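Residue-level listing of the chains:
Protein chains: 2
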Amino acid sequence: MEYRKIKDEDDDDHDVTSDLENLKGKSHTVTSSNIAMIGPGTNEITNWKRKGVVTCALTILTSSQSILIVWSKRAGKYEYSVTTANFLVETLKCALSLLALTRIWRKEGVTKDNRLNTTYDEVKVFPVPAALYLFKNLLQYYIFAYVDAPGYQILKNLNIISTGVLYRIILKKKLSEIQWAGFILLCCGCTTAQLNSNSDRVLQTSLPGWIMAIVMALLSGFAGVYTEAIIKKRPSRNINVQNFWLYVFGMAFNAVAIVIQDFDAVANKGFFHGYSFITVLMILNHALSGIAVSMVMKYADNIVKVYSTSVAMLLTAVVSVFLFNFHLSLAFFLGSTVVSVSVYLHSAGKLR
Amino acid sequence: MEYRKIKDEDDDDHDVTSDLENLKGKSHTVTSSNIAMIGPGTNEITNWKRKGVVTCALTILTSSQSILIVWSKRAGKYEYSVTTANFLVETLKCALSLLALTRIWRKEGVTKDNRLNTTYDEVKVFPVPAALYLFKNLLQYYIFAYVDAPGYQILKNLNIISTGVLYRIILKKKLSEIQWAGFILLCCGCTTAQLNSNSDRVLQTSLPGWIMAIVMALLSGFAGVYTEAIIKKRPSRNINVQNFWLYVFGMAFNAVAIVIQDFDAVANKGFFHGYSFITVLMILNHALSGIAVSMVMKYADNIVKVYSTSVAMLLTAVVSVFLFNFHLSLAFFLGSTVVSVSVYLHSAGKLR
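Sequences listed follow chains A and B, in order. The first sequence begins at 1 in full-length UniProt numbering and counts up one residue at a time. The second sequence begins at 1 in full-length UniProt numbering and counts up one residue at a time.
No wet-lab data here; the hints were simulated from the structure. As the structure is a computational prediction, the values presented were derived from the model and not from experiment.
Copies of the same chain look alike in the list, so a pair counts if it fits in one copy or across any two.
With a Cα cut of at most 30 Å, we get these calculated DSSO-like pairs of lysine-lysine:
{"hint": "1", "residue 1": "K156", "residue 2": "K173"}
{"hint": "2", "residue 1": "K233", "residue 2": "K124"}
{"hint": "3", "residue 1": "K174", "residue 2": "K350"}
{"hint": "4", "residue 1": "K232", "residue 2": "K112"}
{"hint": "5", "residue 1": "K136", "residue 2": "K174"}
{"hint": "6", "residue 1": "K51", "residue 2": "K124"}
{"hint": "7", "residue 1": "K156", "residue 2": "K232"}
{"hint": "8", "residue 1": "K174", "residue 2": "K124"}
{"hint": "9", "residue 1": "K173", "residue 2": "K350"}
{"hint": "10", "residue 1": "K51", "residue 2": "K172"}
{"hint": "11", "residue 1": "K112", "residue 2": "K124"}
{"hint": "12", "residue 1": "K350", "residue 2": "K172"}
{"hint": "13", "residue 1": "K51", "residue 2": "K174"}
{"hint": "14", "residue 1": "K49", "residue 2": "K172"}
{"hint": "15", "residue 1": "K172", "residue 2": "K233"}
{"hint": "16", "residue 1": "K233", "residue 2": "K51"}
With the hints as constraints, model all of the structure from the sequences given.
This is the structure in structure tokens:
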């Protein structure tokens, strides 16, 4: 309950996190040199290890995100412009991509796969995810006319279903029936874990509210799946180059957002007004999470990403019990159990 | 929410239903002639049909039970002795068993398998389920010192797990991993569907409360599984004979309960004091449900019984929306979805 309340407040205040969360899907770079160094052609065990490492990294980074929110809330600071923080996250990821690339160039030399030069044919699809997220973020301002913040948190779980459906349709990858069962359970389990005494209000959402929620879920799912398609289209292409171009467009779109949404505040109070140590930590965390998402897209897939962020949501609540004396509800236990069974079914139901 | 409230009140008042529900496990006879006539040796399709018919009958009868409770609550009558009603249910089932047997004798003649005569070796185990339920019903009076009625409703879902575990241990039947996953989900789904704003209190249950809840779940699960073992031990033995003996002991144990619990009320106000038309309907319904449970035990198993009564719980809530203008909660939708997936997994996960 307590945990959920904070997540809700988070949306009420419309702080950096909810916006940065949306950006995660289009965030891509390389964490540090050792993962980046592993070229294609390594054996299956290395692939599995790599998949495991990036999945764990994403889970841990996503959990610590929410912890940071709670922590920063306690300090009571939220005076900066969300759009500037988003812009800095993209810039940081861009810089990390370049850093990783320079190390690779020094070791391996510039090759066809790791050169920064690109073709129109390769780059033309890169602005799509950034554009989708911008559109979704704009919609987010309007949906609050129809749904309250806790209701929006509940409806956001539709993302799980939309990701699964679009993953099937666009990437043409099959999930087994057992895995689909698991995916439906993941959505139910996450929602159950977030239930509180006011959750029933979401059932009174009007038709336009439902439509917007579904459209937003589709936009978010589409952006994620599209990013995976872009990254996987050229398997031998270095992930850092792909990320670099994605982030360049991310920077550009966020620059536009600064002008549209926060021009006055930035012009009057400066670009870095209201920044604190925690803001810096959060930007760092979001940049690294973005990189982890990108790695998961390259070496695993959107389904793994959804599982990883869902489990992170539950982990955060458990950690918060120790850090902030939160109480876990019965609904949380039930939801966590359902999510755990869902994770099991996803692996047990693998198509042979 | 509304639906649940009524279920809770039901326990608060300690009316006939909660007691009769406990009796269901030891209730056994034959519904009507046509099912009873089907002898052993019929082909697989007939077996499946029979299994389907008895499962549907149990589901419908269990759903209508709760509807009857709500209906009778509205009429505001509950002045009779619960123990006398239980006794009459056992007597009615006994009478129906005999009726079915006389029809069979007339058609097929008296054989080794359908004669009423029994041996000490066959009959010695028949009092066990009745004794287990009596013990469980006595415990039920004490547990309310530790748990409130809505909390007890939640804890009763432990029956699902205990039945699964004892089914595995005592009957030595294997469930596949997927089916176990489904069984855990069934428990979570049913509990989720019953969640209300006060459900979290159950987490504060003290250790003695938990122990009693677990002991009661084990007693209930053990009685169910033991009944299945008794009935299935002699597959060719006519179910009506097996039921007859079970119900004879049921009558005996309930007669003891009348003396212990309601002697004064029955002596002063008479055996049938406070009976109404609805009471008669409920007794009829419970007798038929008991017969259906017995059929499920003979032709299917305890797992099917648990699924069937769980689905009945959800059906009741949906029907109540139309009959009594109830509102369904978000938790109910989530729980129902989880239960539906669980039903799918039980059938998809069948061991080959």
